[in-house]
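Participant: These are the residues of each chain, in order.
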Amino acid sequence: MATQTVATATTGQPEIHYLNHAKGLKSWLLTLDHKRIGLLYLVSVIFFFIVGGILALLVRAELFEPGQTLMSAETYNHIFTLHGAIMIFLFLIPAVPAVLGNFALPIMIGAKDVAFPRLNLASWYIFWLGALTMLVGIVTSGLDTGWTFYTPYSTMTSSGVTWVALGVFILGFSSILTGLNFIVTVHKMRAPGMTWSRLPLFVWGLYATSIVQILATPVLGITVLLLALERIMKVGIFDPALGGDPVLFQHFFWFYSHPAVYIMILPAFGVISELVGTFSRKGIFGYKFVALSSVAIAFLGFLVWGHHMYVAGQSATASTIFSLLTFLIGVPTGVKVLNWIASLYRGSIWLRTPLLYALAFLFVFPIGGFTGIALGTLGLDVPLHDTYFVVAHFHYVMVSGGLLAFLGGLHYWWPKMFGRLYNEKLAQIAALLIFVGFNVTFFPQFILGTQGMPRRYFDYVPEFTTLHQLSTVGSWILGLGLLLVAAYLLHSLFKGQPAPANPWGAGTLEWTHTGRIPSPHNFERTPVVTRGPYDYHLAEEIFGNGHGDERRTPTVTPAQGQAQH
Amino acid sequence: MAGVSEAATGHAEAHAHHPPYLQHHFVSAEQQFDAAKLGMWIFLATEILLFSGMFVAYAVYRVWHPEVFQAASKLLDWRLGGLNTLVLLASSYTVALAVHYAQLGDKKRLVQNLWLTVALAGVFMVVKYFEYSEKFHHNIFPGGNYAYEGLQLPYVGQFFSIYFVMTGIHGLHVLVGMGVLTWIALRAQRGDFSSEYYTPVEISALYWHLVDIIWIFLFPLLYLIH
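Which chain is which? The protein sequence lines are U and V, in order. Quick note: the first sequence uses this note's numbering, first residue 1, plus one each step. Quick note: the second sequence uses this note's numbering, first residue 1, plus one each step.
If we strip away everything but chain V, and leave its shape as in the complex, we get (with noise of 0.2 Å):
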């Protein structure tokens, strides 16, 4: 099919001295590069704009239901959640690490950066579900399903609606990042990464950092304002 299209158009020539990893529909490395990096803010923007949804109803309920939100927020452990603001904090870091360290093309410190990275988010995850766990075990449930003796109060179904919706989307977020970091750690132990082309892991990590930053708004919205 490609030897085809290759003679149909007269490219054939035009991809001998592309880099592999160029596509041949891109003129350059810069503008597959700079369309890719583009690409993955725009897909940033939708993704605030999917919180953004959460975020209103947050601030509804909490505008119309103060003292609820104040007494409910008691129940979260606020040195749990702050625990896992510092372990996605530093796994900020270390991903900001590995594209500096793709950049220079150091492979090493690259993948060592990146599997740091995954085992900081399954620290977040593990902590999470200790979290979960124990609200499950005191029968607080989203919504309608709120069961708990000690703060029976109306309304505070509606905060646990939106702490398990809000963190357990984010929860999903932090799955997807592990998997997609994961096979760029792969994928970077395999060699396909060099100072040139370091493309997905520098998206990646845009997409990392994003899911840090709606944890840092969530955790003080859920855990600290009283």
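So here's chain U without its partners, still in its complex pose (with noise of 0.2 Å):
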């Protein structure tokens, strides 16, 4: 790496910091360290998204026009179907955990590694394990059935099903060891001082997915192993050739994947409240709040599933329970927006890259989650069921919750992973970029379903031509927008300019407490955490000690920072 030839202020020496203090493939194979884990799934994570974005641009390019414009229905079927599991299995869980999270939450607590850093490497193997049992599924013999794998369709049609469900129950413990460790690492690994009331909203964020990580994918676990055993031994239990029950499925489906949902989604819940407090310098408007409505959406995110359901053939009175336990979860979720408008409320706005994607999720986010509620009303949702109306809602949570945050953690984090960084200005218009082509696409989504446009389908009637193609424009827009933020963020790793320890000015210990690029043990002492993680009034490691402008280094001991208490 090109970054040991900066030499630190202190000591004259080059820096020896977690990039550079081994080198070799193998040592990047077989480390422990959860930050070097942290890249291994930053790379793995942006191949799954290329792909599954290429996967996205056919798609919208099939649907340019009425009938066949590029490809046949069966092939149409097959790649949305692997835009949807790709993007989902591959990339929205496991980026802003795996990758922000590993590299973050155990300096962001004080802490020297994550709890198990042995389990965390072989996550990251399991990872890539399942993910090439998918493709080899995938490969061999296509996959048809919409992420969803509903039954019957799934166990009739000849497609991949069996490796895709085998690759997804492997995904599944990739997925719960990163929860348990998460979990373990911030009850048993917090830095003295580092009381639950003074975690980053991040980790409690991470520490809310965790649960839902380890309650809900062993169902998903269970259920595909059953889906694929259905296929293999006619288990009967699904199949209703054989006396078994669909409802059944979509009932044990839906237990993981609506808690899947948040999985995806409070992660980049807590990535937005770092960045919202960062970059308005005023703290969290009700932390206890923010953090607490965290583990509530993650407990009522189980109480839900029922709403894909409505009309599925459930009854009328559990739809109705359902319906009612949906509207009650906009609570947490207000909870947590208004409080960030609240924290950007005159505070001292610095517009940097971060805080626009920031801002973009808070414009976004929100359309998604009132669709949601208008979804879950059962009167709505009759009319709604499987039209474009829900392809634009789920797109609206998802790619403003997982891509959105996801980009606004790694513009905010990259200059702690890689020591440099990026030119602010085309990140600025490649966040403008992003902002416009992703509302120009799935805008017209949203009046393409309540005209009755159904999702999935490969032809369309002449009338939605126009908005159609205004939704293919702006999946262009948006690959435009992602193009650019690849091309700055490659020159940065390479040429970027020396970025200092804390650029941003932030409050946390990843910033305050390391240098420029995290050294192998993350601190060289065990700080001791005498303030929350947004007192910025208390914060000299950031401010300096009442000599003006001027930035600690962050060789600061935290026992000489509190003797100058």
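To be clear, the hints were calculated from the coordinates, so they are not data collected in a lab. If you're wondering where the values come from, they're calculated on a predicted model, not measured in any experiment. All C-beta atoms in this analysis are idealised placements derived from N, C-alpha and C, irrespective of residue type, glycine included. Incorrect hints may have been included.
What follows is a set of in silico ranges between Cβ atoms, one per label pair, in the way DEER data are often shown [said to hold, decoys possible]:
(1) HIS18/V <-> LEU490/U: 40 to 46 Å
(2) ALA73/U <-> LEU175/V: 41 to 47 Å
(3) THR69/U <-> VAL60/V: 42 to 48 Å
(4) LEU328/U <-> HIS18/V: 26 to 32 Å
(5) GLY146/U <-> ASN139/V: 34 to 40 Å
(6) VAL139/U <-> ILE216/V: 28 to 34 Å
(7) HIS187/U <-> ALA90/V: 53 to 59 Å
(8) ALA241/U <-> ILE48/V: 57 to 63 Å
(9) HIS18/V <-> HIS187/U: 20 to 26 Å
(10) VAL136/U <-> LEU153/V: 36 to 42 Å
(11) GLY67/U <-> GLY179/V: 41 to 47 Å
(12) LYS37/V <-> VAL136/U: 33 to 39 Å
Pulled a few chain V residues facing chain U out of the computed Cβ check, cut under 7 Å [claimed, not checked]:
(13) HIS25
(14) SER28
(15) GLU30
(16) ALA35
(17) LEU38
(18) LEU44
(19) THR46
(20) GLY53
(21) ALA57
(22) ALA59
(23) GLY143
(24) ALA147
(25) GLY150
(26) GLN152
(27) TYR155
(28) THR199
Put the two chains together into one complex, using the hints given.
Facilitator: Dropping the structure here:
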């Protein structure tokens, strides 16, 4: 790495940090360092994001005109299924926790590593094992069931459902192990003084996510295992031809897959809290409410799976209860959004790229949330079910939650990961392109949905052409924005300006108590925490000790910090 | 690699008076022990949820077709199931003794009890083998492959799907437990554990207790309730 030539101000020696203290492929593939494992995940999920993104562009290109444009209807079924399965299982679920969480969580709580470093590395290998198992099925026979694998079609189709189901089963272990690791780490590895009410909100978000991961994922595991067994040895649990019950499959599937939505969104909430806190310099309004609302969402998330099944033959009583519980989830979510806005209000706003993503999130996510409430009402869901309205709602929640928060977090932690800054102007242009492209792609889909365009269809009536074309053009703008991100981040990786230890003036430990690039064990000494994560008025590590703008070097020890207090 | 990182972080002195089993990222042995134990409890929670999906499937099909389940469960031999229950309960006792002797630092009895547990688990699997082969012999297979002449009812295949999947996955857990306990026993023979450090013994025993507890639920649900 070129960064090793940059000398620290204090010693004049080349820095030794987690990127350069050991070299060679082996030192990466066998690393137990949570930061390096985070980067391994980064490369992996970006790879799958590119694959899933190309598939999405193909889907949109096919829909540019009615009738066959690029591919046959069968191919289209495969392409949209692969887009969904890859984006969900291989990008959205691992993206924020496994990349940003792995990198930041231990440092944020003042630990040297996660509780089980070997398990952490194992989860990355299991991730790839699961991904490859999925790919075996996809490459040999494709997948055309949609990412939901509904029976009985999934038990009948000749496509590679068995392999993909086993792949998803294996991926579940990776997800569970990460969640388990994080929960134990948060409980047992916090530095002295890092009380629960001083945890950064990203940590709270990851903690709530981990609870969902460990409680929901095993149910998905047994569901896809039974699905695979259904195909291999005809167990007849889900297949109606053998006396099984396909609605039971839907119950099982959504018991995981609705909470899984929160696996994707809760860490995103955590990222947004960090961005809002840091770039408004004011601390998070209602810290405790924001923290505990994550746990409330995690809990309520287990009780609403039936709202996916209003038209699947579920009893009216059950549907009514699920509808009511669905509305309830809006409460903690609303608490978060309103508290972020209150945090920004009268803050000292510093409009840098990460905050732009947070603001984009604050615009886009409520649209996704409110349309979710609309879909949660029994009357409205019936006409809107399985239309583009659902597609638009889902993408408004997941792309805002998963993608915008991931990009915001990546831009935020990038200087800490690689010790380099990126081109701010290009980054802002890219953020704007992504924001515009996203809305142009998905907003027309709401209208298409209300007009009756069904989801997953390869063809449509000519009346829908304009809106579909608008949506496709939007996907190009979105793709262009993402391409720009890739370009300047790659440039930054090799040629970017060296970043200071705390370029954003943030108050959490990964910025205040580590070097420009963290050392292999994160801290010189275990930090002693004496303030909350957003108490900027107490953070002398950021603002110096009465010396104006002078930024302290990160080598300051907490003990000194306390003495000067 | 380690030398560089130690020099970089100034932990070289701190490493000197750590006990050998203490991993570098933990502050104390207590922290390491607590973390391992919490991790295992969380893992056990995920195991219970894995089985809970099958318990729900059992409940659903039992409520829908109680008479089929009554008839089908009579095809299972409660004596063999009961014998296996006793075997597993005994193995829970021996593994608890193993933890007890690990805490006392009694290496000989620790190793004895670990091997005894592995042996009892082996007995369980042998009994299970005879049960399974007897079922296969009578063409009692899961779901659509069920072809036993002696009992032909709709949905009887579902009972045996649930029976084979649940006991099959439980059996896999027994095999994994045998592997883990064998490894722990070998480590104990090598002298890895002491009254200060016996975390692997304790958390493997926790896992083994879970395997037993799941069987304690499977046995009455599948064999006894008529």
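Participant: Under the constraints set out in the numbered hints, which ones does this structure not fulfil?
Facilitator: Numbers 4, 6, 7, 8, 11, 14, 15, 18, 22, 24, 25, 26, 28 - these are the hints that the structure violates, sorted from lowest upward.
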